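Chains as they are written, first to last, in my numbering: chain A, 1 to 299; chain B, 1 to 494; chain C, 1 to 614.
Bear in mind the hints are in silico, worked out from the structure with no lab data behind them. Since the structure is predicted, the reported quantities are computational estimates derived from the model, not experimental observations. Please note: incorrect hints may appear among the correct ones.
[Said to hold, decoys possible] Which stretches of chain C does chain B cover? Using the computed rule of at least three CB atoms under 8 angstroms from a CB of chain B, they are:
#, region
1, 124-132
2, 138-152
3, 155-163
4, 317-331
5, 473-487
6, 594-608
The beta carbon of each residue, even a glycine, is placed where N, CA and C say it ideally should be.
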Amino acid sequence: MIMIIEVVKIIVLPLIALIIGIFLMGLARMITARIHWRYGPPITQPLIDMVKFFDQRGISHGFIFDFGIILSLAGSIVLVLFIPFCKIAPLSNSGGLLVILYLMLITPLGIALSSGASGNPNASIGISRKFMLALGYEVPFILIILTIMKSYNSLSLIDIVNVQQAGTWSIISSLPLFLTGVAYFLILPAILGVRPFDMTTAPQEISSGPKVEYSGKYLALLSIEHALTLYIGLTLFVNLFLGGSANFILFFIKILIVFIIGLFINAVFPRFRIEQALKYLWGIPTLLALAGLILTMII
Amino acid sequence: MVSTVWQNPVLLIVVPLGLAFFTPIIGLIRKELVKYIPILGMLFNLTLSLFLLPKVLDNPIIVSLSGWKPPFAINLFVGPVGILFSILISLVGLLTAIYGINYIKKGAVEKYHMLFLLLLTGATGIVLTGDIFNLFVFFEILCISSYALVAYNQDKNGIEAATKYLIQGSLGSAFILLGIGFLYGLFGTLNMADIARNITTVDSPALFIAMALFITGFGVEAAIFPLNAWLPDAHSSAPSTISAILSGIAIHIGIYAIFRVLYTLFGFNSIFTVLAVIGIVTLLIGEMSAFRQENIKRVLAYSSMGQMGLIIFALSIGTVDGISGGLFQIITHTLSKSLLFLCVGYMVYSTNSMELSSLNGLGKRMPLISLLFTIGVFSLIGLPPFIGFPSKLSIILAGLKTGETLFLILIVLMLLATVIEGVYFFRIIQILYFKEPDKEERFKTPFTLLFPVIILGLLIVAIGIYPGLLQEILDRSAEIFWDKLSYIKIVFGG
Amino acid sequence: MTLQLILLIGFCGAIITYFAGKILPVLREIFAVAISLLLVGMIVYAYGRYSQEIAQFGFLNFKIVFTLNRLSWLFAIIISSLSALSIIFSLSYMKGKERQDFFYMMMLFVSTSMLGIVFSGTFLQLFIFWEIMSWSTFLLISYSKGKAVKAGLKYITMSIIGSMAMLVAVISLYLKFGTLEISVISQNIDIASLRYLSCIFGLLFLGFGVKAAVVPLHTWLPDAHSEAPSPFSAILSGILIKMGIYGFILMMYMVVGIKIFMTLGVGWMKFHYVFAWLGVISILIPSFIAILQNDAKRLLAWSSVGQIGYIIVGISMGTGLGFLGGTFHIFSHAVFKGLLFLTIASVEYRTRTRDLDQLGGLIKKMPITFLGGLIGVMGLIGIPLTNGFISKWLIYKSLFESNRMFLLLFSLIGTWAAILYGYKILHNVFLGQLPEKYRNMKREPVFMQIPIIILSLTVILSGIFPGIILKLINNIAFSFGLESLNVNMWGVVSETGTLNIRNIFFGILAAIALVSIIFYSAKRSWKVSQDDNYAAGAFVPVEKYNYTVEFYAPLYKMIRKYLKDVIDIFYCWIAGLVDALCNGIRKIYTGDIGTYVGYILFFLAFLIIIYLRG
């Protein structure tokens with residue numbers, strides 16, 4: 001009986017992630033349009049696009065081109081299983097935060113392999129920017145994770161969520177965690193890859209970067225993957241700092257609030273250059289996170 | 001004790017001496033036979049020395065020349081140290097003579113071989129004698145033969161080197177004679193055991209001055225810094241067989257003479273600390289000067305200088321372990337340095353140049369010689385599994401066992417010198433093997449040139465892997481070398 | 001008897017191989033492979049027979065003892081296997097090169113001397129085999145001529161300085177303990193004061209640290225590993241630097257014992273603390289320097305310096321978990337770094353270049369090599385399901401549990417640097433467009449494929465089933481007195497977070513299966529050649545449509561000026577000083593006879609003055 005529930009959870013969770021992700025993507029386009037005084041596409045637009053993509057025939061540049069995409073999407077799906085959504089957390093006990101840090105590598109690596117195999121320098125430039133950006137946000141991100149791990153003295157996300165449920169949200173529970181939370185919020189756009197940090201996929205500069213040779217089902221899978229990435233980045237933040245939730249609705253509202261605030265910033269900012277991005281990421285967020293870590297270690 | 005005529009140690013001196021005087025006569029009859037005479041002589045010496053070795057390990061033999069008992073006669077003190085040296089001298093002499101069959105072709109060949117035998121005779125005489133003036137006589141034979149042999153090539157460098165060597169050597173010899181004079185004046189005897197017996201009865205500054213004179217005088221030959229300025233020129237300008245003999249035997253004899261005088265005659269223990277420091281200074285200066293040399297034979301000559309410093313340091317540690325280590329290092333240096341000079345001799349002869357750059361790529365063109373050269377180099381630096389490693393190890397052990405900080409510092413300096421030595425030698429090995437040669441053809445090395453170096457190489461590897469072969473001999477020799485009282489006892493019977 | 005037999009076979013086998021090659025070239029190859037495989041077989045056979053053998057003969061007055069314990073066995077199996085694979089690889093790689101007899105002889109020599117080191121029961125033997133390993137490595141590094149000569153000289157100079165320090169330490173140990181047997185010394189370790197042990201440690205750190213390429217003793221590594229012949233580079237990076245680590249583990253855990261070791265140090269600067277920080281600096285800076293490299297082998301060489309830092313951080317924690325992680329990383333790094341070097345070697349064999357700016361698109365021509373490179377890079381980064389992930393996870397966990405947050409921070413940043421340079425090497429060699437000149441390239445020869453495949457399988461299998469090796473290391477840790485961990489086939493169980501590879505494995509497998517189903521059930525795509533590419537409407541410019549030069553250009557601009565190897569510059573400056581000093585000293589011998597006579601008289605006067613002074 002328990003086994004069946006577990007299996008059901010494992011199947012259901014990625015679907016929930018997907019639905020939320022697609023919803024957020026649609027919402028993003030709508031709100032951005034409204035901010036720009038446009039009408040914007042309907043909220044189900046990403047879904048329509050996905051169906052359309054699946055219906056087309058695309059081109060392929062070889063085995064690794066295919067396999068890379070498969071790998072990256074698989075990585076995202078597995079990652080989703082590791083992050084608790086309300087009480088559903090099938091694989092949370094198989095490694096904890098460290099494994100999450102490592103599984104987060106599979107997705108960009110898969111895309112990197114795939115787009116590298118496409119043989120287009122735009123793709124290569126895009127991927128190199130992606131990695132450099134990743135190096136940029138990883139420094140504060142690791143500091144943040146370490147601070148959390150140290151404060152709660154545990155690697156397991158479930159434990160962290162439970163402690164917050166019993167007590168208060170991390171972000172307001174102590175000064176170091178507050179600083180860390182703010183730092184996380186500042187680098188969240190970089191993790192999600194949205195403007196102003198979307199130099200990876202820069203339509204005007206490098207012809208969509210890694211996506212330049214994708215078509216048909218590849219674009220569809222990539223959209224799924226983008227949806228999952230959004231979901232992962234946001235739920236991680238909510239779980240770590242905003243207390244998670246036992247309640248679907250509350251959880252969803254938290255995700256929404258964070259996302260919309262980020263969206264407002266996204267809609268009005270132009271794109272950063274990679275050097276500016278690195279300077280920014282290694283500047284204030286890193287300092288805040290560092291302060292958080294040091295304070296946590298002293299106290 | 002001596003049982004038959006053929007086992008008399010006197011023969012070790014008499015036979016080569018006689019053969020040496022015979023050489024010009026044979027040369028008048030048949031020129032080609034001359035080159036085999038040193039081989040005969042040294043072969044005889046080698047067999048007799050090896051035969052005598054087990055006997056003298058227990059009891060050194062005293063041979064009185066002229067039938068009178070000491071101290072009224074000149075006597076030979078044939079102890080393990082003496083026989084050990086004699087083995088080394090005859091072995092290296094034999095191998096170099098074999099090498100010389102094909103190597104010495106131009107010039108006054110009979111004179112070469114005669115002087116060669118004389119040199120070896122002098123050396124053997126020094127290590128076997130028990131009389132100080134006798135020692136001086138043999139020393140002079142050694143020196144004068146070597147002055148002449150250095151100039152053998154009759155080129156400008158050789159003559160200049162020989163002249164400088166002559167001047168410095170003569171100054172040294174004069175000092176020795178002066179020292180002997182002092183001793184005779186103080187003790188009325190020239191017998192070393194007798195002087196040793198009476199040394200405590202006299203306490204005058206003349207004694208110290210005599211010792212200083214001896215150290216300086218023998219030190220010229222032993223290549224102590226700063227008395228060794230003749231060495232680089234002499235060893236590099238001489239024909240390579242002579243360089244092998246000089247570096248492999250002659251300078252060791254000088255050291256033997258110093259330390260025989262110091263251990264047996266004099267009783268100033270404080271001099272050893274000074275000598276130890278001087279030894280390390282010599283080592284450092286020798287190795288550092290070798291670092292930038294461009295001429296392969298000069299590199300080897302400066303390296304000999306350095307190694308002499310190391311041996312002096314070992315023998316000055318003042319313990320039996322130190323002496324054992326020093327003797328071991330003497331064996332290492334003799335075998336390795338003669339091997340190196342013999343290999344280099346052929347290299348220089350084939351490429352007609354002594355510059356390091358002419359050695360480019362010789363590893364491919366004369367593989368066996370290069371391999372043996374590498375073995376010699378590695379053993380000199382002290383890498384296992386070659387003979388240099390256990391000998392350096394013994395010295396370091398002896399030095400650190402004393403527990404004094406001075407020796408710790410000196411050992412550290414010695415290791416630094418090893419690093420420098422390693423670097424320049426490794427550079428040369430790289431030049432041999434890993435640089436492009438100018439030409440491509442292989443050299444055909446004659447067998448008489450290969451045979452001696454192969455034997456030396458095999459000895460180096462064998463003793464390197466099983467140093468235990470020599471362990472007992474060295475320990476016993478060291479004990480007897482150091483122990484003044486037993487020397488006196490053995491000589492005077494009882 | 002077995003251990004001595006192994007060493008004897010190794011050394012004699014090397015010499016026989018050399019002479020066999022003189023008779024018939026193919027004979028030497030057969031011999032080389034046969035002997036290396038024989039060594040592997042004998043070591044596998046020796047598993048579990050942990051023992052001590054005392055040799056009949058001695059060396060000077062020292063006993064010779066051979067031991068096999070668990071740690072030795074682990075190292076021995078890594079050494080022999082990687083050597084065997086490299087030799088098999090060399091069968092193709094060395095075709096047509098000169099002096100192959102010498103090459104094969106030296107390869108066997110080096111591996112046997114390394115085996116001698118791990119089988120040593122006394123410090124004297126350790127030193128003897130250490131020296132033999134040093135000079136045979138030196139000869140083999142210089143083998144490639146050209147720049148390799150300077151690299152070899154730098155290596156041997158630093159190695160000799162380290163060895164001399166080690167010699168002083170060894171002899172000092174002998175004088176203190178009266179024996180050089182490792183087991184006896186470790187039993188009597190209490191008679192030594194902490195200060196004495198600290199001094200010994202400092203000296204041994206010089207000796208072992210040079211070989212292990214710990215910052216600041218690492219400067220020989222980039223040159224040596226990149227210029228050495230490539231199969232040998234694999235051995236250098238894979239095993240040789242681990243010999244230094246073996247020395248450290250020997251001293252820290254076996255001889256001194258971890259409890260005493262944690263207290264050694266000068267004041268507040270405890271050894272393990274300094275050690276861990278040196279390890280972290282080794283991780284951080286060389287990994288970033290590796291990003292800047294354009295020569296494939298130099299990049300991998302700097303990466304090796306970085307990975308050694310991980311091992312040092314792991315073992316210096318002093319906990320069971322840290323030791324487990326560090327030692328497992330010894331194994332995983334040997335496998336994946338050997339794999340990466342062999343991959344680059346096979347690329348170099350076909351393309352004759354290792355310049356990352358020139359290569360590209362080789363995935364189509366050398367798929368097996370690409371697979372090897374991919375798996376190697378995944379292991380390097382530490383993607384789950386590879387052995388690199390296991391060791392990194394363990395090391396991070398141990399850092400976390402020992403509360404060393406900043407070390408953990410820098411180690412994790414080091415991983416990201418690894419991702420950057422790992423992808424750079426993958427992309428510039430295999431992905432992207434294929435240059436014209438390589439269009440007609442043949443595939444890699446069979447002998448190159450075999451080692452690559454074997455090593456790749458090892459990376460994956462030991463990543464999925466880590467328990468096999470973990471159990472062995474756990475027993476080693478237990479024998480050192482560290483706490484034993486709950487190790488099962490799939491990972492490690494502990495209170496603060498478990499590692500369960502099975503779930504991750506099945507999860508990823510299921511996810512890949514799911515996505516593949518979606519993928520392949522969608523419409524099939526057209527296969528298109530790489531020339532048919534998006535170029536904004538223009539024709540694809542052949543030969544120019546590859547992005548490899550200055551792959552991370554903006555990053556380079558930002559960090560280049562901070563990443564000069566200042567230590568190397570410092571050492572070269574000192575070498576220059578010594579050179580000038582030597583040049584000055586040799587001028588004492590002026591050539592003028594007058595000065596020489598003066599020297600003699602001066603010496604005499606000097607002696608007399610000393611006497612008069614007392």
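Violations among the numbered hints
Checked against the structure, the hints that fail are numbers 4 and 5, while the rest are satisfied.
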